[in-house]
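Protein chains in written order, with the working numbering: chain S, 1 to 467; chain G, 1 to 249.
Don't take each hint at face value.
[Said to hold, decoys possible] Stretch by stretch, here's where chain G covers chain S in the computed footprint (C-beta under 8 Å, at least three residues): (1) 55 to 68; (2) 89 to 95; (3) 98 to 109; (4) 158 to 169; (5) 311 to 322; (6) 365 to 379.
[What the hints assert, rightly or not] Below, in silico cross-link-like pairs of lysine to aspartate or glutamate (DMTMM-like), each with a Cα-Cα straight-line distance of 20 Å or less: (7) S:K242 x S:D438; (8) S:K242 x S:E435; (9) S:K293 x S:D432; (10) S:K363 x G:E160; (11) S:K217 x S:D27; (12) S:K363 x G:E154.
[Unchecked claim] Every beta carbon over 12 Å from chain S, so not counted as near; a handful from chain G, in silico: (13) R27; (14) A57; (15) E73; (16) R79; (17) A95; (18) L108; (19) W180.
Think of the hints as simulated: they come from the structure by calculation, not from any bench. No residue lacks a Cβ here, since even glycine has one placed at the ideal position from N, Cα and C.
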Amino acid sequence: MGARAIVAAEQAAYQYGGCGTSIGPFDFEAGPGEFHLLAGPSGCGKSTLARLLSGVIPHLYRGQLHGRVTIDGRPTEAVPLWELSARVGLVSQNPAAQLLTSTVGDEIAFGLENSGMAADEIEARSAYALDCFGLVDVIDRDPRTLSGGEQQKLLLSALTARAPEVLILDEPLSMLDASAAVQVVDHLRHLARTGTAIVAFDHRSDCYSGVDGLSTKALAGMPASTSTLPELPQNVPPFRFKVEGLGVRLGACRVLEDVNIELAGGQVVTIVGANGSGKTTLLRALAGLQAYKGRVLTSTSKPPRLGLCFQNPDRQIFNATVREEILFGLAHHDEDFYHLVLDLLGLTPYEYTPPLLLSEGEKKRLGLAIVLLRPGLGGVCLDEPTLGQDMQQRRVLGRIIRRLAAAGYLCVTATHDLEWARQWSDRIVRLDRGEICDCAPAPAPSTATARTMLLPPSLVNPCTDGH
Amino acid sequence: MHGRSLSRLYATRPTSCAVVPDSFLRRADPRTKLALSILASLAVMLPLPRLVVFVSAYAVLVLAAGLVRQVGEQVWRIRLLLLVLFALDWVFIGAGFAVLITLRLVLLVTSFTLLFATTTPEEMRQAIERLGVPPRFAFVFATTYRSLELVRSEWLGIIEAQRARGITLQETREWSWTAWRARLAWAVSLIVPAVVLVAQRAWSITEAAAVRGFDSPRRLPARSLRLARVDHVLLAATAGLFAGLYIWQ
Chain S
1 MGARAIVAAE QAAYQYGGCG TSIGPFDFEA GPGEFHLLAG PSGCGKSTLA
51 RLLSGVIPHL YRGQLHGRVT IDGRPTEAVP LWELSARVGL VSQNPAAQLL
101 TSTVGDEIAF GLENSGMAAD EIEARSAYAL DCFGLVDVID RDPRTLSGGE
151 QQKLLLSALT ARAPEVLILD EPLSMLDASA AVQVVDHLRH LARTGTAIVA
201 FDHRSDCYSG VDGLSTKALA GMPASTSTLP ELPQNVPPFR FKVEGLGVRL
251 GACRVLEDVN IELAGGQVVT IVGANGSGKT TLLRALAGLQ AYKGRVLTST
301 SKPPRLGLCF QNPDRQIFNA TVREEILFGL AHHDEDFYHL VLDLLGLTPY
351 EYTPPLLLSE GEKKRLGLAI VLLRPGLGGV CLDEPTLGQD MQQRRVLGRI
401 IRRLAAAGYL CVTATHDLEW ARQWSDRIVR LDRGEICDCA PAPAPSTATA
451 RTMLLPPSLV NPCTDGH
Chain G
1 MHGRSLSRLY ATRPTSCAVV PDSFLRRADP RTKLALSILA SLAVMLPLPR
51 LVVFVSAYAV LVLAAGLVRQ VGEQVWRIRL LLLVLFALDW VFIGAGFAVL
101 ITLRLVLLVT SFTLLFATTT PEEMRQAIER LGVPPRFAFV FATTYRSLEL
151 VRSEWLGIIE AQRARGITLQ ETREWSWTAW RARLAWAVSL IVPAVVLVAQ
201 RAWSITEAAA VRGFDSPRRL PARSLRLARV DHVLLAATAG LFAGLYIWQ
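Work the whole structure out from these sequences, hints included.
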């Protein structure tokens, strides 16, 4: 252990209660002003190491800890968690689940109150933290009404306001668009310069490239399969459709306005845009889950059915096995196609596994399998499919989507992951405050781009209104 | 494009801890509002003439505090019960009794709107703490209160997610075993994810609170509660009203 290390793990391994697999061992240490970036494939134990370093393990989890984790030389199990939390801050994944109060101001004050600070100091620190992350204008808002990116910034500001010596961040940029990610990394860099040790667990290593003295470490884990994916049969008839003047209002809020877009089977279209720009709402509208104003013109007699894969797959899972989950409610299914989909999505080994035991990436692929088995499907909409996925899983996902497009499916994804979008999409649509501001082929077009997108007037039939 | 719209589910903002933007009652101390709510619910024991006077004063307060919509929503939810009770009481006992029961029910159902529609969970937590409840339990109370809306929105999200994959409750009057199995399967498809998500959220909240120093013995509230002029006026007016009603007796 280095002489200056604040937090250190020595051969630290952890076995969660009721689970046979031990995660680790890990060796790691961080000293004042150091900026560490830890990456690794999904399931390699990044979140576990984050919990170990912050002391959440062993204080809140009942499992078996091997090895040693120390903060300033003191073992974490020997120090109360409230005392550790004053020195080490942790922001976990999924910011929405970590919100504790009903206004942005109270959210920041919560941790400061627990530190026993005087009201004046709480006010001063809150004001500074809000200013750093550009949240001053939303101080009275309910955090739940903020976008995912704003929530992530709020949690970061709540943590940094407490001025911990070590800041541990589990996927801190996962919900942020490119500009917000740059802003957050800049702020973290500033904190590191002022002596805070930053430990970030993140796949988006490109966002940290400008950090001086960045220490990058790869955690070992089981890599995702890179075997050849099976071809899907061409069972989607060619179709094209055009959405004209699409608009959505939620309550008093205008979410989408005059969106015009042309889509066709076999395309991979990615919707990008800042947090709150209306990406998810557009997907929901395309999937028929959101009423809207506007017209859909289609080349076929019936509008194509688009299935939606949700950001949180846990909302759909309730069966005892993966097989039952996928086939639930289907009167008939093609067993060959079912196995082909399982192979394509890498779920064959888990066919009889309880879905709740799958990893997040596997659950997302299960959600896609559920959609693909639905009869009469013309395409899929995927909401943030790369969220929380490592590089290899993102690549596998990209290949799956290209396979689907090759089989004639329309694939529409909404993501913050521009790098992924550029690599795997035919077209990138940029949304800005509910309006399409840019719609262009992706810089590295694939073969499917050759399919024409514009509808000849003869193919255009007025079909349905969105109401 | 097709399918049944679910947008109305998302058209509303969180409501359980949504408070009226600004009014004198919004600015009042939560303890004052708690006292007013308790007194209003106790007023159901008044006989009819004095109850009418109290309800009139209560209506003025609701109107002045801008709570007509919130109180109206509460009454609207029990409109059928009110109508049936009013009709039965009128037919079998008399008009006076019907009015008495109706007013009592309305008062009982709406009295705590004075508190809940004008107080955030954090203000509530602070007030409870000041009343001597340990911070841990005050936090649990506030979190539970705040989470009611979260559970509702999660529930709606689950319904949408299942509907997106074609799992819906078919409208049927059939009472066969097959129909009951379908209903049961639909219920399970909602309940299992709901239980999982609620458990996950509860755990996330525990972890998030712990890493921000929850349970610290050093905790100091950021805001101190102090009765202001509006509290004194409200409490004095309520005391005056009850004194008047007592003297009337």
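Each hint, compared with the structure:
no.: 1; hint: 55 to 68; in the structure: holds (count 3)
no.: 2; hint: 89 to 95; in the structure: holds (count 4)
no.: 3; hint: 98 to 109; in the structure: holds (count 8)
no.: 4; hint: 158 to 169; in the structure: holds (count 3)
no.: 5; hint: 311 to 322; in the structure: holds (count 6)
no.: 6; hint: 365 to 379; in the structure: holds (count 3)
no.: 7; hint: S:K242 x S:D438; in the structure: 17 Å, holds
no.: 8; hint: S:K242 x S:E435; in the structure: 16 Å, holds
no.: 9; hint: S:K293 x S:D432; in the structure: 19 Å, holds
no.: 10; hint: S:K363 x G:E160; in the structure: 18 Å, holds
no.: 11; hint: S:K217 x S:D27; in the structure: 11 Å, holds
no.: 12; hint: S:K363 x G:E154; in the structure: 18 Å, holds
no.: 13; hint: R27; in the structure: 14 Å, holds
no.: 14; hint: A57; in the structure: 30 Å, holds
no.: 15; hint: E73; in the structure: 16 Å, holds
no.: 16; hint: R79; in the structure: 24 Å, holds
no.: 17; hint: A95; in the structure: 42 Å, holds
no.: 18; hint: L108; in the structure: 26 Å, holds
no.: 19; hint: W180; in the structure: 16 Å, holds
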